[in-house]
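Be aware that the sequence shown starts at -3, since it is given in this note's numbering, and climbs by one per residue.
Please keep in mind that the hints were generated in silico from the structure rather than gathered at the bench.
There may be inaccurate statements among the hints.
Said to hold, decoys possible - Okay, the calculated beta carbon distance ranges per label pair: (1) 2 with 32: 28 to 38 Å; (2) 5 with 28: 11 to 21 Å; (3) -2 with 24: 29 to 39 Å; (4) 23 with 2: 14 to 24 Å; (5) 20 with -1: 26 to 36 Å; (6) 32 with -2: 16 to 26 Å; (7) 1 with 24: 12 to 22 Å; (8) 29 with 6: 27 to 37 Å.
Every residue, glycine too, gets a C-beta built ideally from N, C-alpha and C.
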Amino acid sequence: MPQLTQVEIRQNAVAFVHEWRDGTCERAEAQSFWNEFLESLASSAGASPCLKRR
């Protein structure tokens, strides 16, 4: 897949912030939050780095 431009990344980040600004249940929504955040920065889900500690 093609790489996202800086403009596309910024647009995705702004949309992400608007979607998550009213989040209230941090623990229950943590996985979804991080998945959507990483997707907003990457051109595909497979391009997202794995940041989970084991």
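Verification of the hints:
1. A beta carbon spacing of about 19 Å between residue 2 and residue 32 contradicts the range 28 to 38 Å that was offered as a hint.
2. Range check, residue 5 to residue 28: Cβ separation about 20 Å, and the 11 to 21 Å hint holds.
3. In this structure the hint that residue -2 and residue 24 lie 29 to 39 Å apart at CB holds, the actual value being about 34 Å.
4. Separated by about 33 Å at the C-beta atoms, residue 23 and residue 2 break the suggested range of 14 to 24 Å.
5. Between residue 20 and residue -1, the C-beta spacing of about 34 Å keeps the proposed range 26 to 36 Å intact.
6. About 20 Å separates the C-beta atoms of residue 32 and residue -2, a value consistent with the hinted range of 16 to 26 Å.
7. Separation of residue 1 from residue 24 is about 34 Å and departs from the stated range, judged on CB atoms against 12 to 22 Å.
8. Distance hint check: the CB atoms of residue 29 and residue 6 are about 19 Å apart, inconsistent with the given range 27 to 37 Å.
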